[in-house]
Amino acid sequence: MSLEILLITAFGGALLTYFLGKISGKVRDSLAVGISLVLVTFVANLYGKSPEKTFYFGFFGLGLVLRLNMLSWFFAIAISSLGALCTIFSLSYMKGRERTDFYYLMMLLVNASMLGIVLTGDLVSFYIFWEIMSWSTFLLISYNRGHALAAGMKYIVMSIVGSIAMLIGMLSLYKTYGTLNILEISTVITSASSGYILFILIIFGIAFGIKNAVMPLHTWLPDSYAEAPSPFTAVLSGMLTRMGVYGFLILLYVIVGLRNVITPRLLSYHYILAWLGAVTIVIPTFIAMLQNDAKKLLAWHGIGQGGYMILGIAFGTSLGVAGGIFHTLNHAIYITLLFMSVGAVQYRTGGERDLNSLGGLIKKMPIAFIGGLLGIAGLMGVPLTNGFVSKWLIYKTLILQGSPFLAFAALIGTWGTILSVYKFLHNMFLGQLPEKYENVKPAPFSMQLPIIILSATILLFGILPGIPLKVINSIGTSFGFESLNVTLWGIASETGALNTVNIFAAVLVAVALVWLVFRSTAKSVPVAQEDSYAAGAHTPVDKYHYTAEFYNPLYKMISPFLRDVIDEFYYWIASCIQRLAGIIRRIYSGDVGNYVMYIIIFLAFLIFVQLKWKPW
Amino acid sequence: METMVTKVIQIILSPVLALVVGVFFLGLARKIMARIHWRYGPPLIQPVIDMIRLFYQKSVSHGRMFDLGIVLSLAGSTVAVLFLPFGKICPLSSSGGLLVILYIMLLAPLGLALSGGQGANPNISIGISRKLILSLGYEVPLLLILLAVMTHYKTISIMEVVSSQQSTSWSIISFPLFLSGLSYFLILPAILGIRPFDMSSAPQEISSGPMTEYGGKYLALATIEHAFVLFISIALFVNLFLGGAANPVIFFVKMLVVFVPGLCINAVFPRFRIEQAIKYLWKWPTLLALLGLIVTLAVRS
Numbered sequence: 001m002s003l004e005i006l007l008i009t010a011f012g013g014a015l016l017t018y019f020l021g022k023i024s025g026k027v028r029d030s031l032a033v034g035i036s037l038v039l040v041t042f043v044a045n046l047y048g049k050s051p052e053k054t055f056y057f058g059f060f061g062l063g064l065v066l067r068l069n070m071l072s073w074f075f076a077i078a079i080s081s082l083g084a085l086c087t088i089f090s091l092s093y094m095k096g097r098e099r100t101d102f103y104y105l106m107m108l109l110v111n112a113s114m115l116g117i118v119l120t121g122d123l124v125s126f127y128i129f130w131e132i133m134s135w136s137t138f139l140l141i142s143y144n145r146g147h148a149l150a151a152g153m154k155y156i157v158m159s160i161v162g163s164i165a166m167l168i169g170m171l172s173l174y175k176t177y178g179t180l181n182i183l184e185i186s187t188v189i190t191s192a193s194s195g196y197i198l199f200i201l202i203i204f205g206i207a208f209g210i211k212n213a214v215m216p217l218h219t220w221l222p223d224s225y226a227e228a229p230s231p232f233t234a235v236l237s238g239m240l241t242r243m244g245v246y247g248f249l250i251l252l253y254v255i256v257g258l259r260n261v262i263t264p265r266l267l268s269y270h271y272i273l274a275w276l277g278a279v280t281i282v283i284p285t286f287i288a289m290l291q292n293d294a295k296k297l298l299a300w301h302g303i304g305q306g307g308y309m310i311l312g313i314a315f316g317t318s319l320g321v322a323g324g325i326f327h328t329l330n331h332a333i334y335i336t337l338l339f340m341s342v343g344a345v346q347y348r349t350g351g352e353r354d355l356n357s358l359g360g361l362i363k364k365m366p367i368a369f370i371g372g373l374l375g376i377a378g379l380m381g382v383p384l385t386n387g388f389v390s391k392w393l394i395y396k397t398l399i400l401q402g403s404p405f406l407a408f409a410a411l412i413g414t415w416g417t418i419l420s421v422y423k424f425l426h427n428m429f430l431g432q433l434p435e436k437y438e439n440v441k442p443a444p445f446s447m448q449l450p451i452i453i454l455s456a457t458i459l460l461f462g463i464l465p466g467i468p469l470k471v472i473n474s475i476g477t478s479f480g481f482e483s484l485n486v487t488l489w490g491i492a493s494e495t496g497a498l499n500t501v502n503i504f505a506a507v508l509v510a511v512a513l514v515w516l517v518f519r520s521t522a523k524s525v526p527v528a529q530e531d532s533y534a535a536g537a538h539t540p541v542d543k544y545h546y547t548a549e550f551y552n553p554l555y556k557m558i559s560p561f562l563r564d565v566i567d568e569f570y571y572w573i574a575s576c577i578q579r580l581a582g583i584i585r586r587i588y589s590g591d592v593g594n595y596v597m598y599i600i601i602f603l604a605f606l607i608f609v610q611l612k613w614k615p616w
Numbered sequence: 001m002e003t004m005v006t007k008v009i010q011i012i013l014s015p016v017l018a019l020v021v022g023v024f025f026l027g028l029a030r031k032i033m034a035r036i037h038w039r040y041g042p043p044l045i046q047p048v049i050d051m052i053r054l055f056y057q058k059s060v061s062h063g064r065m066f067d068l069g070i071v072l073s074l075a076g077s078t079v080a081v082l083f084l085p086f087g088k089i090c091p092l093s094s095s096g097g098l099l100v101i102l103y104i105m106l107l108a109p110l111g112l113a114l115s116g117g118q119g120a121n122p123n124i125s126i127g128i129s130r131k132l133i134l135s136l137g138y139e140v141p142l143l144l145i146l147l148a149v150m151t152h153y154k155t156i157s158i159m160e161v162v163s164s165q166q167s168t169s170w171s172i173i174s175f176p177l178f179l180s181g182l183s184y185f186l187i188l189p190a191i192l193g194i195r196p197f198d199m200s201s202a203p204q205e206i207s208s209g210p211m212t213e214y215g216g217k218y219l220a221l222a223t224i225e226h227a228f229v230l231f232i233s234i235a236l237f238v239n240l241f242l243g244g245a246a247n248p249v250i251f252f253v254k255m256l257v258v259f260v261p262g263l264c265i266n267a268v269f270p271r272f273r274i275e276q277a278i279k280y281l282w283k284w285p286t287l288l289a290l291l292g293l294i295v296t297l298a299v300r301s
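Listed in order, the protein sequences are those of chains S and U. Numbers 1 to 616, taken from my numbering, label the letters of the first sequence in order. Numbers 1 to 301, taken from my numbering, label the letters of the second sequence in order.
The following block holds chain U by itself, in its conformation from the complex:
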């Protein structure tokens, strides 16, 4: 009975924590960016203020799929959070492991793509097309990285990956896996969709791509969705390569350490074109990840 109660509390707690952390990161991002640009920047809670305002504003709808898509997308991200250990909190740890996380992470972009598709606007379609190409671009190294991790620890459970690291050492500083870790770090901006990889939402070219037709609550939900994506991609890195954490506070600090360098890159780099991005992603990160997997396999046998 007691385990039931803690489980229920965890299930409620982990998306809320993820949301708080994600929204905090959004605010922090604007602040740090502003300081790098020698501006003062908005207050940290500006994203929250914006969201509340957006929820009360008028919006347009292009049809049933337009509504359902964004709902599905956000729900998908919420479920993905339940599979990720946040410190010791991981409510659905034993329901399928890393492979399920990989696939649940699909729901978010898919939902946005379906929703945007019904928007019937070329800007949206171009944005989605770029987003899908980009995701194919970073999935190649990402899958190689995840396979190296799973092969090294001989498990598909993310909890076991975390606990093995806590009993030995972090993957990022252990012998064969540091290659994979480095590769993950190189593709992280692409996963997060920040510059130089923000071509799918490029506001100056295609008026924010998939979000073109969004207004009011759609935009608010899309912002929440963005916060979740930030959380998921960074938390995955922390869990796989930085040894997870024993409690949420340390976990949060580790996430911050990963996120801030990414922001600095975002602040100073111009945007890639999509084919330049693919060329980058399929060159050094893929080679590193491939090397990591080969070495891991060789060491294992």
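Extracted from the complex, chain S is given alone in its bound form:
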């Protein structure tokens, strides 16, 4: 199966879905799901193969190169599978909404363009697919109108800044080397001066940093995640934002290459990037604690978890890079799951995502609760979930390479995460069920299925991390790192091994034993939620549940330090530009007399110049 057919299926399928939607909604839905499933099988079939094909379009003699290697396969399979699950999830979520055809078109287009990004081997087509992705994302973020329009605008403005940075970098590369083929650049760039390499690293770093929301380029993300339709937020947070990670991997380890990494002058770039990653972990994680909007809370974690990936990748050891890549996959799985869980709750409660007005939904929506529970377990990195293994790899290399402060940032980020995600789960699913949600039904099957699949994947990769780590290891060796000693259940090495199967067995036996004790002793009586201790007083029926300002004492202490100054700074710049534009706009007064005056003044100026200096 060749790559161009894959891309044609992806893009053609998207358009076909749109037009079929005009005829019949049912056909459109099944086609959308069908296309995304076909893409998954296509990509899965390509495992281990490395086709490469160049097409010439006569664009400055630059070829459109399609190629596949382990890195792009890894990303492609993640994109297509998560895309398929999110499309299935959309089926019920989008039912009966307006502009559904358009939604599916954009959703499939986003997936197709992401596949394009990872499958191209030259920067021109990379840029083209990148732009398709950015614009279709913009249209989907602002799908709901209202607040969403502002969020979409913020996204696209920052995205364009990134694109321009990338364009400048590309032009400079083309001018210097006369080629934009990634592999060719990587061979000729070895002769470049360190200053030029630093320039390339910074200019592309801005582009990918904006996409991956690395601080201080993160401000588009919270609003966009919160306002986009939930199934698309899942795609956006899972893979789309992580195209920035893919970009960084290509930039640091393919274009510039590992041999330039170890030289001391470039170490500083990596070191600074690693520290930016660390800052990106800590601050957003603590800001997440202050959020009362379920999706915004997750969005801030999306930024924070991106920091782990950057930290691992930038640190540049074989363990660190493996951890960074693995974390990208793990994060994609659990954050998609979490947004689906929120989406299911929203779907059944009329779009409610305010954490203070939900509660007690565990009894009504058990599958969504399980999704939420395993999702937050992965996000925290509880052992036996996938997030633990990737974080363990990153911590281990940071500690053993003598960077305890980076490790501290990463670890304390995890402990901050616990607070906010517990609040997330508690306020939505635990506690007392408000009366108005008495008749909430479980999510429909098309929502439960992706939730179940993703929950199972979290456990599978947590207990047998060797499955993805084998692929990641071969990516690492293709970058020139030494091979890791990967086993099916972790990593064997002299300086501290990891054995997840042992942990799994121990937990399983311990749970079984305690459960046995629990069952064999005196039975407990199930009681209604109102039947709880109130020191003899009457228990209020509706809201006898503590959720609002859950961490109030802590808020008071830390919130003064957690203002998003960077966002305020960008808004300040935006308002300055707006004011400047307002002044410039006054030139166009709409009065013909004024325009005649401009012409006369300009002519007078020309005459003055001619008389004074006689240039013409």
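Because the hints were derived from the structure by calculation, they are not lab data. Take the hints with a grain of salt, since some may be wrong.
Think about it this way: if two alpha-carbon atoms lie no more than 30 Å apart in a straight line, the pair counts; the simulated DSS-like pairs of lysine-lysine are [said to hold, decoys possible]: (1) U:K58 / S:K556; (2) S:K470 / S:K363; (3) S:K556 / S:K95; (4) S:K523 / U:K58; (5) S:K470 / U:K154; (6) U:K154 / S:K363; (7) S:K523 / S:K95; (8) S:K364 / U:K58; (9) S:K470 / S:K556.
From a predicted model like this one, the values you see are computed outputs, not experimental measurements.
With chain S's structure known, arrange chain U on it following the hints.
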């Protein structure tokens, strides 16, 4: 084959030993507290008597998570014990080291929080909120301390930390690490949740916080869980800073030496408010731990 058998025996033995030691500490705590208060106090085995009685008593359940949470919590503590060397006994020493211990220790409070969450009682939620804030409070210095230890010994394996100490000297009296050791000692009451840091279970304010809805076997399991937590936090200190021990008896004596001063603090101090606790934890212990880490790093390079 023989190693297999010893391994299996160790796996069975170490949680049992931990349970015995933990429950003994609970009894001892009541006795010592009573003597400090000029009372006679209950017999040493009172916690055991209480537990047996509780297992036969009626209790209420608020749902599936209410049951599973407490089971998960206790199972998590049991597994954590398997990773901690108790003398020479450490069945799962080579499955991930200190980082795994750190994370497995998470399961216990998380399980209690999930279980309590379904209890739908504001007292529980307030208790959990305080417990989580407090744990964030002591994790800041604790992580700095653990990082200093791991950086100093250049390993993430707790067994290696112990054996390096046995071949040289205890960390608490060695040059850069005594700062970290002191800091650990200062935050130990917070980790154990004893006064002045018992705000999460404050019986007089929020009717025991997370345990409000527990009765009968839930309370018994929570007591066992408490015993394990006592054991784990003190054993971690003994392993990291007091050189572990060659055999369980010496290890137990060392644990006792750490625990009794803590009890004396518990007996005479009033309770902090949660923000006072955070202010304390993020001031001197954190500064000491930070200094310890910086010096360790400077000495190493």
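Structure-based check of each hint:
1. U:K58 / S:K556: violated, 41 Å
2. S:K470 / S:K363: Violated - the C-alpha atoms of K363 of chain S and K470 of chain S are around 40 Å apart, more than 30 Å.
3. S:K556 / S:K95: violated, 43 Å
4. S:K523 / U:K58: holds, 7 Å
5. S:K470 / U:K154: Roughly 27 Å between the alpha carbons, so the hint for K470 of chain S and K154 of chain U holds.
6. U:K154 / S:K363: violated, 48 Å
7. S:K523 / S:K95: violated, 45 Å
8. S:K364 / U:K58: Answer holds: K364 of chain S to K58 of chain U is near 27 Å, not above 30 Å.
9. S:K470 / S:K556: violated, 46 Å
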